[in-house]
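Top to bottom, those sequences are chains H and V. Numbering-wise (this note's numbering), the first sequence opens with residue 1 and increments by one. Numbering-wise (this note's numbering), the second sequence opens with residue 114 and increments by one.
Quick caveat, the hints were computed from the structure, so don't treat them as lab data. Any given hint could be a false lead.
Simulated pairs of lysine-lysine, DSS-like, Cα-Cα distance not exceeding 25 angstroms [to be verified]:
| id | chain 1 | residue 1 | chain 2 | residue 2 |
| --- | --- | --- | --- | --- |
| 1 | H | K22 | V | K153 |
| 2 | V | K215 | V | K153 |
| 3 | V | K170 | H | K57 |
| 4 | V | K154 | H | K22 |
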Amino acid sequence: AAGVIQSPRHLIKEKRETATLKCYPIPRHDTVYWYQQGPGQDPQFLISFYEKMQSDKGSIPDRFSAQQFSDYHSELNMSSLELGDSALYFCASSLSLTTDTQYFGPGTRLTVL
Amino acid sequence: EDKVVQSPLSLVVHEGDTVTLNCSYEVTNFRSLLWYKQEKKAPTFLFMLTSSGIEKKSGRLSSILDKKELFSILNITATQTGDSAVYLCAERGGADGLTFGKGTHLIIQP
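Work out the full structure: start from the sequences and follow the hints.
Below, the structure is given as structure tokens:
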């Protein structure tokens with residue numbers, strides 16, 4: 001079965017640079033969620049999109065923004081990167097906003113030097 | 114603030130043992146309780162529970178929810194080395210995002 005696709009899988013950036021992470025949800029899933037997982041931490045919810053509109057915000061820094069496109073893929077844009085942004089970034093998708101089961105992608109490991 | 118607490122934080126057992134992982138939650142607007150398995154990569158979905166007392170089962174894994182006492186357990190019988198992972202419990206409440214516990218790091222020794 002098709003799963004959530006994320007790219008790139010690994011990314012190395014310098015401080016103050018920008019990064020863009022991409023997420024392709026499972027086909028027919030219209031809701032996308034972004035999470036950040038620091039080393040040894042549990043995943044923290046950042047932001048979600050339903051039908052191309054922002055649905056909810058969690059602990060997303062103001063330096064980050066995201067959007068969902070007409071084909072339902074989503075991009076997380078991160079600017080003025082800081083060392084503390086180094087983490088695993090997961091995208092998850094669900095069949096709809098009212099469906100609680102979220103399926104996670106393989107993640108993008110971001111390292112900020 | 115919603116809080117999900119898992120115990121134990123780590124557990125080492127031998128192959129063939131049965132383990133019980135615990136998850137308690139304090140939430141408003143509770144919708145569901147989910148269990149995931151994470152092995153150095155993406156959390157893999159195991160179960161979603163919404164009703165009290167109804168056991169969900171998949172092979173050697175099973176889980177149940179108690180909405181009165183606000184907890185859930187995940188049981189794994191006849192453990193195998195491939196069961197070694199971090200098991201995450203998460204709650205879906207009023208927000209879109211899942212609130213995760215810190216996880217139980219389970220190690221199965223041969």
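Against the structure, the hints come out as follows:
no.: 1; hint: H:K22 with V:K153; result: holds, 20 angstroms
no.: 2; hint: V:K215 with V:K153; result: holds, 14 angstroms
no.: 3; hint: V:K170 with H:K57; result: violated, 33 angstroms
no.: 4; hint: V:K154 with H:K22; result: holds, 17 angstroms
The structure fails hint 3 only (numbered hints given earlier).
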